[in-house]
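Taken in order, these protein sequences are the chains called F and Z. Position in the first sequence (first residue = 1) + 548 = the working numbering. Position in the second sequence (first residue = 1) + 670 = the working numbering.
Worth flagging that the hints you see were computed from the coordinates, not collected in a lab. Treat the numbers as computed from the prediction; the structure is a model and nothing was measured. Don't be surprised by glycine CBs; every beta carbon is placed ideally from N, CA and C. The reader is advised that the hints may include incorrect statements.
Which chain Z residues stay away from chain F? Per the calculated CB distances, all over 10 Å, these [as the list claims (entries may be wrong)]:
#1 Ser677
#2 Lys683
#3 Thr684
#4 Gln687
#5 Ser743
#6 Asn749
#7 Ala757
#8 Leu773
Which bits of chain Z does chain F cover? Going by a derived footprint, with three or more residues having C-beta under 8 Å, they are [as the list claims (entries may be wrong)]:
#9 692-698
#10 728-736
Chain by chain, the residues:
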Amino acid sequence: GNSVTQMEGPVTLSEEAFLTINCTYTATGYPSLFWYVQYPGEGLQLLLKATKADDKGSNKGFEATYRKETTSFHLEKGSVQVSDSAVYFCALSDISGTYKYIFGTGTRLKVLA
Amino acid sequence: ETGVTQSPTHLIKTRGQQVTLRCSSQSGHNTVSWYQQALGQGPQFIFQYYREEENGRGNFPPRFSGLQFPNYSSELNVNALELDDSALYLCASSLAAGGAGELFFGEGSRLTVL
């Protein structure tokens, strides 16, 4: 079945460092791909999405490109801030008819000043 | 614009009891999905409701049931609680079922089963 695998955390970086969080997926067909973020004490929020191969989603300095050939959707940011500390979830939309979203296990990011 | 609200935020139950969790969807959204998030894990799909009908279900037993009301609010009911049901239960609303539509999540109801 469809699945999402993302790198385990926690990831600890200094402010202004470069961030990459790896995400790969297994799916039949062409699902849409998402990154959601969960700040401490808050619900999940959509960070960015891509709906087809080679699409690049971007928001708040974060970017991810839908790579069909490597079945990947890695999250990147050139210069992280303390306020980016959160848990990041990679997800795909299941297009097999169940209307569910499949999430990875989450990667906790901690940015130090 | 009112976001997704869930109640209660925290609750403690004992094994064998029943629980009802409530969700008010974002204004204008007709689809509600429920997810279970165990500690340290990603959210797992329980089911989705669209216009008061169950529209998809994940790998959860029948003791997990739900309702959607005409105003698109929703309830999640869990019978015969088990220890493994301890988790954060997330409600998400969206404009349409499935596809690339964004899910808008509430802050969740944290259930502890003793």
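For glutamine 687(Z), is the shortest CB-to-CB distance to chain F above 10 Å, so the non-interface label stands?
26 Å, holds
Classify the label on threonine 684(Z) as holds or violated, using whether its beta-carbon is more than 10 Å from each beta-carbon of chain F.
27 Å, holds
So is alanine 757(Z) really clear of chain F, every C-beta pair being over 10 Å apart?
13 Å, holds
Holds or violated: is the Cβ of serine 677(Z) farther than 10 Å from all Cβ atoms of chain F?
The assertion about serine 677(Z) holds, with a minimum of 13 Å to chain F.
Outside-interface status for lysine 683(Z) - nearest CB in chain F farther than 10 Å
22 Å, holds
Has the region 728-736 of chain Z got at least three residues whose CB is nearer than 8 Å to a CB belonging to chain F?
Not satisfied, violated; 1 residues make the cut.
Are three or more residues of the region 692-698 of chain Z within 8 Å, CB to CB, of chain F?
violated (count 0)
Is the nearest Cβ of chain F still more than 10 Å from the Cβ of serine 743(Z)?
It holds; serine 743(Z) is separated from chain F by about 17 Å at its closest Cβ, greater than 10 Å.
Does asparagine 749(Z) sit more than 10 Å from chain F, CB to CB?
Non-interface label stands for asparagine 749(Z): nearest chain F Cβ at 22 Å, farther than 10 Å.
No chain F beta carbon within 10 Å of leucine 773(Z)'s:
6 Å, violated
Of the numbered hints given earlier, the model fails hints 8, 9, 10; all others are met.
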